[in-house]
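Number of protein chains: 2
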Amino acid sequence: MESIRIFSPASVANISCGFDVLGLALETIGDFMTVIKVPEPGVRITRITGQKLPLEAKKNVAGVAALALLDKFEFEGGFEIEIEKRIKPGSGIGSSAASASGAVWAINELLGHPFSKLELVEFAMEGERLASGAAHADNVAPALFGGFTLVRSYEPLDIIRIPAPEDLFATVVHPLIEIKTADSRKILKTSITLADGIKQWGNLGGLVAGLYTKDYGLIGRSLVDHIIEPTRSILIPGFDEVKRAALNAGALGCGISGSGPSIFALSKGETIAKQTAAVMKEIYGGLEIDYDVHVSNINPYGIKEIY
Amino acid sequence: MESIRIFSPASVANISCGFDVLGLALETIGDFMTVIKVPEPGVRITRITGQKLPLEAKKNVAGVAALALLDKFEFEGGFEIEIEKRIKPGSGIGSSAASASGAVWAINELLGHPFSKLELVEFAMEGERLASGAAHADNVAPALFGGFTLVRSYEPLDIIRIPAPEDLFATVVHPLIEIKTADSRKILKTSITLADGIKQWGNLGGLVAGLYTKDYGLIGRSLVDHIIEPTRSILIPGFDEVKRAALNAGALGCGISGSGPSIFALSKGETIAKQTAAVMKEIYGGLEIDYDVHVSNINPYGIKEIY
Chain G
1 MESIRIFSPA SVANISCGFD VLGLALETIG DFMTVIKVPE PGVRITRITG QKLPLEAKKN
61 VAGVAALALL DKFEFEGGFE IEIEKRIKPG SGIGSSAASA SGAVWAINEL LGHPFSKLEL
121 VEFAMEGERL ASGAAHADNV APALFGGFTL VRSYEPLDII RIPAPEDLFA TVVHPLIEIK
181 TADSRKILKT SITLADGIKQ WGNLGGLVAG LYTKDYGLIG RSLVDHIIEP TRSILIPGFD
241 EVKRAALNAG ALGCGISGSG PSIFALSKGE TIAKQTAAVM KEIYGGLEID YDVHVSNINP
301 YGIKEIY
Chain E
1 MESIRIFSPA SVANISCGFD VLGLALETIG DFMTVIKVPE PGVRITRITG QKLPLEAKKN
61 VAGVAALALL DKFEFEGGFE IEIEKRIKPG SGIGSSAASA SGAVWAINEL LGHPFSKLEL
121 VEFAMEGERL ASGAAHADNV APALFGGFTL VRSYEPLDII RIPAPEDLFA TVVHPLIEIK
181 TADSRKILKT SITLADGIKQ WGNLGGLVAG LYTKDYGLIG RSLVDHIIEP TRSILIPGFD
241 EVKRAALNAG ALGCGISGSG PSIFALSKGE TIAKQTAAVM KEIYGGLEID YDVHVSNINP
301 YGIKEIY
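For the protein sequence lines, the chains are G and E, in the order given. Counting in my numbering, the first sequence runs from 1 upward without gaps. Counting in my numbering, the second sequence runs from 1 upward without gaps.
The hints are simulated quantities; they were obtained by calculation from the structure and are not laboratory data. Please read these numbers as outputs of a predicted model, since none were measured by experiment. It cannot be assumed that every hint is accurate.
Said to hold, decoys possible - DSS-like cross-link-like pairs, simulated, lysine-lysine; straight-line CA separation at most 25 Å:
(1) G:189 to E:52
(2) E:117 to G:214
(3) G:214 to E:214
(4) G:117 to E:214
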């Protein structure tokens, strides 16, 4: 195989009680990429459409991830990458993760699968380091594995893929405002009460149990965040209204996607997910804030080849 | 039915990363109780063997739990309770929980099941309140439900039963020393770092996933406690040695049972669980500290009638 065209999904990280550990892959929004094996060594980003992003490989998350992979593999040639960005950077649904993961997944295909998915996560995390200063795995893991992913530990890296119940749908609204990642981080406290911690891990245990047993009620009861949401949601206009309306529309739960500003909701069935989208639109329409809305099943496989 | 004889199991609470939320029921150690329906109203503890404990119903955990149940049920008669204590109070394996749960379970049988297991947990928690000042559910839940139980939330009370893989065995060593519960609580910090919290809920998610998928390796990797064990283990002589030896003997993980002084280990298969018991004995023998050791499968049903 000399070239491959792929779809790399957007993802929701920091799922309520799963701050920094639990993410999920979306299916209806993601980047398209074409990667070509060429005789010339190195990595070149030949074209980016949809967004203005650096073409220089060392300054582009896909380039950096690809270079991290090639650093661990003896190969005389190189790769050219074209990126059709569909995910807006800064939206909070894993834009950089999709490009970084897509690059390494595609190259691994073209090289005949020398690396495991877990190793690909590590390469893609180098792209995340470029994007945000921290090599986190909570968006690249769902992009690469699909379903829900739990980053149990970083040292060593340990990722558990948790299958999503088939009827689970995500609604994501992206209010088109800018939150500086630095602000979103600064607002977090470095310590929490033990009592809040206990509630959080009780809920995470409940959420994982609900996913395995397809217990939508339990999933809903567990989608609670006592720690991050109360402070971070202040930065997102309309958050409380959107959440209230989503739950009233029948969503199982609702919270901040990644570090925002996107807000996600999970629902049983596409109908409720669409109704949730409708109330989200109504609220941001009323607030005169532009927005994008996505309704998606949970992507079961992650990145895929497009024919 | 006018009388019933039951077995009510000991239990391990605070399972490593599951502080305050995750417990499991044992099978080879527990209290035996006989409960008799009588015409005279009220609850009488007629006999306790094995331990010196108060016979007055209002001062006995089983009596208090039974009275909490009868407070919610119109019944003209009463109950007599005989308790054969096999679990030592203060051991950290749910001694008071076994008696309290056993009493309400047995009375519920004799009354024709007016209450759900969740309601029985609430009655039994009143016994726990008498025993320790706090109406916690982390031992009464596994005693009543069997398997592993996750107390997802207290308000409202939400308990999730998680089945244990069949090959999972527990080893529990009880060094016969006294730790005052007050000391064991006092040593806990009321706040934790967010970073430690994230590790803890990552591990709890991993443990729950491992139990559902019968992934013993994942169960083992997740049996880590970054928060409570480092401080509480100081109160248990030999803890570090016992833990090291248990892991060397092949146990998947090892930690403090409840608030101690008992130490539990989980293993794949009875052979390793017995080898773990052997090294535990060796260490407490060397330290000249008396001990009890139990090896048990995970009790799948909780309290049961004995014929």
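(request) Give me the numbers of the hints this structure contradicts, sorted from smallest to largest. (result) Number 1 - this is the single hint that the structure violates.
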